[in-house]
Amino acid sequence: MSVVVLVEVEEGRASLVSREALTFARSLGAGDLHAVVVGAAPAELVEDCREAGVAVVHEASDPTLERYAAAAWAAVVEAAGRAARADLVVAPGTGRGNEVLAHVAARRRLQLAANVVEVESLAPLVVQRQVVGGAALERAEVTSRVRLMTMAGHAVEPEPAGQPGEARVSALPVTIDPKDLRAQVARVEVREEGDTSGLSSARVVVGAGRGAGGPDGFADVDALAERLGAAVGVSRVVTSLGWRPHHEQVGQTGSRIAPELYLACGISGSIQHWAGCASSRTIIAVNTDAEAPMVTKADYAVIGDMHEVLPAVLAELG
Amino acid sequence: MTDVLVCVKRVPDVTGEVVLTADGMRIDGRYAGYTTSPHEEAAVALAVQVAQATEGSVTVLSVGSPDSVEQIRAGVAVGATDGILVEADADGLGPADVAEAIAEAVRAREAAGTTYELVLLGNDAADTGDFQVGVRLAYLLDRPVVAGIQTVEASDGRAVLRGEGPEGTEVYDIELPAVVTVMEGGVTPKYPSVTGRMRAKKAPVEAVTWSGTAAGAGRLGLSVPEPPPTQVTVLGEGSGAAPALVGVLRELKVVPE
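Here the protein sequences come in this chain order: X and Y.
With our numbering, letter number 215 in the first sequence gets 257, and the count goes up by one each step, no holes.
With our numbering, letter number 33 in the second sequence gets 50, and the count goes up by one each step, no holes.
Hint data in this document are derived by calculation from the structure and do not stem from the laboratory.
All the given hints hold, so there is nothing to weed out.
Pair by pair, the computed Cβ-Cβ distance ranges are: (1) R124(Y) <-> V230(X): 33 to 39 Å; (2) G109(Y) <-> S186(X): 14 to 20 Å; (3) A261(Y) <-> A261(X): 19 to 25 Å; (4) S186(X) <-> A129(Y): 33 to 39 Å; (5) L223(X) <-> A129(Y): 28 to 34 Å; (6) L237(Y) <-> V230(X): 37 to 43 Å; (7) A85(X) <-> A232(Y): 42 to 48 Å; (8) E160(X) <-> G109(Y): 20 to 26 Å; (9) K207(Y) <-> P257(X): 19 to 25 Å; (10) A125(Y) <-> E302(X): 53 to 59 Å.
If you want the footprint, here are the derived chain X segments under chain Y, 3+ residues with CB under 8 Å: (11) 152–163; (12) 172–181.
Values in this document were obtained by computation on a predicted structure and should not be read as measured data.
C-beta atoms are modelled at their ideal positions from N, C-alpha and C, and glycine is treated no differently.
Could you build all of it, start to finish, from the sequences and the hints given here?
What follows is the structure, encoded as structure tokens:
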């Protein structure tokens, strides 16, 4: 019995949500913990795996895998599953993780439980998973022989194993079927410096909502984010109105964040937004409405117009 | 000419509060009403863009109760041509079942002479959030599939697709026919015009049933997590609260020295 976890690389390390998935998978006590990485496994990532208690790191470094193709990644995960004789496969509940395991599920005609937050029993597999963007939980049973699940981002915190793993790196022999490269990234248009591409792993996020007032109402938000070395996150209404780009959106249809601090300015806090920010360790809300859900659910609040409060905060910070 | 099939789901409109039915098995949308999943509204807008640019057509398909015709007609009101309703109890279907039901409808249209070069779906449904119907459908139809796409440009049997990846905008250039799942953010869904609404009322919607047997979703029950108890500390009002707020920031050690 063993578990395979798909580990995504971020700046040479196992991504935050991947480390969460490793912690989660280890806690299930479902046998040896294996990791699978697409591309050569960087040394720091192997170290992350060792710390997380991983026995074997399967790396698939076929040159055709240099550009992302979900079907080809699925073939790699399948190969790792065979090599590890796994009956449980876990991926982080990211865009990639959910997409790749959906491919594995379709190819192998297996069930897939997406965005799991808790495993109630392993045999039969009964899970609690996020639905309605995290506003509700579904208790669901997975009856496939091989069980697939993605873990909702930030459902657990990454923790080192009591006993580090061997983290032996093993080259995974895979032959990629050209059919699995029919949909492959042709190129990546890298975002400009200063963009908040790291929103979901940012340590501090300064958020803004309708209270910004318009596309020109973000100067203080941007200045404060810069002062704090924070990422900017916005509510859905802000992106729907075209005030800010979609990749800054926090919520059910945007990014899930889990920063040390989320400073939410002029955001009323719909359940869809809350679904994306509920894992923040501390939330400070700045809002004119003392009854807004964002205020009542926050740890700290300032009642007032963000356009008055933020300049004063910037002045105070010096 | 690119004929597009866009699949939409009727979901409870839960911007306020999630209410469950008495048996805890379904989300009760009777009071809040129903809507189309946000990603699918974007998919409809993209489908209409592609059809207009290539002088093709857009068919809106929904798997669900007869009430799902409302979501199909909403798609026609913003530019789609016609609709297909696959009548089923959507709550009794799992993602693999929904994919099978859509695949059957696609094959039936193909047998009748219409091949959908592009099938668009939402990346994930706003209620069940399974993240897999589009991918499963692609395998059933033996087509390439890309998930999480925000813009689509189709011409001469190919499509250029853009979506957000971990490092930036990922660009795909794929051969059609294909399946694409859409995330909102690349296109602004349109409001229906008066003529659009009129057209929607008259547009043909073919009702069909799925011949397969549902495997189900494995759902044992739903619950709504208790909101955390209110323990908010109000630091003050207006700009006068700035020193207190900065005090908290320093306490949390988030102010770079």
